[in-house]
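Engineer: Build out the structure end to end from the sequences listed, making use of the hints.
There are 2 protein chains.
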Amino acid sequence: MNRFVFFGGKGGVGKTTVSAAYGLNCARAGLETLLVSTDPAHSTSDVFDQQFGDEPTAVSGHDGLWAMEIDPEAEIDRHMREIKATMSDQVSPAIVNEIDRQIELAHRTPGAYEAALFDRLIDVMRSSEDYDRVVFDTSPTGGTLRLLSLPEFLESWVERLREKRAESVDLFEKAAIGDKEARAKLADDPILARLAERKEQFAFAGETLREDAAFFLVLNPDELSIEESHRAVDDLESAGLSVGGLVVNKVAPEPDPEESGTGATFLRERHRTERDRLDRIEREFDQPIVAVIEQRVAEIKGGLLDEIAAELDIDVTAAPPEQG
Amino acid sequence: MNRFVFFGGKGGVGKTTVSAAYGLNCARAGLETLLVSTDPAHSTSDVFDQQFGDEPTAVSGHDGLWAMEIDPEAEIDRHMREIKATMSDQVSPAIVNEIDRQIELAHRTPGAYEAALFDRLIDVMRSSEDYDRVVFDTSPTGGTLRLLSLPEFLESWVERLREKRAESVDLFEKAAIGDKEARAKLADDPILARLAERKEQFAFAGETLREDAAFFLVLNPDELSIEESHRAVDDLESAGLSVGGLVVNKVAPEPDPEESGTGATFLRERHRTERDRLDRIEREFDQPIVAVIEQRVAEIKGGLLDEIAAELDIDVTAAPPEQG
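Line by line, the protein sequences give chains A and B. For the first sequence, the numbering used here gives the first residue as 1, with consecutive numbering after it. For the second sequence, the numbering used here gives the first residue as 1, with consecutive numbering after it.
Identical copies look the same in the list; a pair holds intra-copy or inter-copy alike.
Calculated lysine-lysine pairs in the DSS-like style (CA-CA distance at most 30 angstroms, straight line):
(1) K84 - K199
(2) K84 - K164
(3) K199 - K164
(4) K174 - K164
(5) K250 - K301
I should point out that these hints are in silico values taken from the structure, not numbers from a laboratory. Fair warning: this is a prediction, and the values are worked out from it, not measured in the lab.
Structural biologist: In structure tokens, the structure reads:
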């Protein structure tokens, strides 16, 4: 199995639970495992009854298992402050306020959340070399995956900016009879450096996701979830990433054969409908179903988590050593 | 009730069904009603077993009811083509290709979908004066609502651009000893005109949503849906919009008292959990619960839609005449 494992799927399907169960299996198989949670609603802290924050913390009672929680709202604020700070070093003080306003506006637009979160995920991927396995309870989605094609766009843009700058310096030198400083400034232009750094960041993400990551989708046996999973598979494949398997979660239990009444009728009909959907999933997807997990009414933690971990048929062997 | 009625909530909670049921009630109360569906997964076409497209079409068998479906993917493409066309009229032919690339890049970023859809919703609001009521199976969300504050940002930006342009023309006139054309061009600058038009579009949206629209949230009795509804109420209120009520959908049925067995135990426990959540919803929200709808296993259409329509306690009186 690859070193980075992502569990994608729409909100509420059970990504955090499945990720925690898989992380537990990896740790029990002897891998130093880091669980990275991004879901503010049902968090890894709830699953293990232990508070986690922005830094990896050992999960008590589980050797080799570490967890951290990324708060996406805080991430947007941090992202905004960081960009403001970088910018204020790079632009004239006269326009700092105006730039700040523009940055705030950009962070209020749709998509800022996804973009900030993706930035943070890349940071975690870069700084987790101490772990044999890193498990994320989210997966890059359509809009974010498109950012992976950013390096090529940035490549030509940075190149063009560099040419324009060089032309300006040439003209400036001819007009002002030489300003050695202008040419020196070009060599370490902070804005060009920042763009080059962004390009490098997304190039790293693209390469790592393609070569060192596995993607699983968690879905529920309902039409919407199936449709969304098709879309997620397509989006991942468009970005050159492949899905390793599907986890079907929250399947309704079947009533006992002798049960009858309003409840039994409802549940039996529902169970039949969901079985049809499971058949449909098996038919429509190329990916294997690696677990079918029955819905529990109680919150998943402790013994229930162990049950679910036992139901997951996902490889927990270590990643092959990196190619030099 | 206001003329525009929006049913918001996360994917899969049943917005399309509830919107169709409410639209039916409005039409039966004698209002010319337009149902606007934006959900590609469970569409209004499925509910009425009739194909709808981008233009309002009469719903067969239901006097006074019209429906249309907006395809958000097609909307992004249309949006992109339109912007490219506008731009190619406004920029030098030499840079058209570069501009096209930039526009394509912008449409690949997260949020493009929401922004394009919102644009289309505004169009529909502008062109639906023939209807007494227009019902949307979606509601502007956080990211999109922030666009409503765009007019003020654009206001100062357009103003500043205008000043800069005027300064340039002044300098140009002084240097070149008068170019009357430059000043004439400033008067009908197509880019400034386009920005002014966008500003006007969002100003219209803000005003109409604040004065002539009602918002309802559809939610399911699960933690995630409750959390998301809190967030949606906050987002709407931050934008100066208020939520009229909550529709709690997909509540599990209670088994008959004499039922027992695996199924009955599961369903009874689930029903109890959901009752607790209904209490919590009642406690935590200022908005009234306007319907509690039991989950049906079969697809909602025909007689089932009538049942749900009868369960909705949402006002269907006509909007007050517009204030001059």
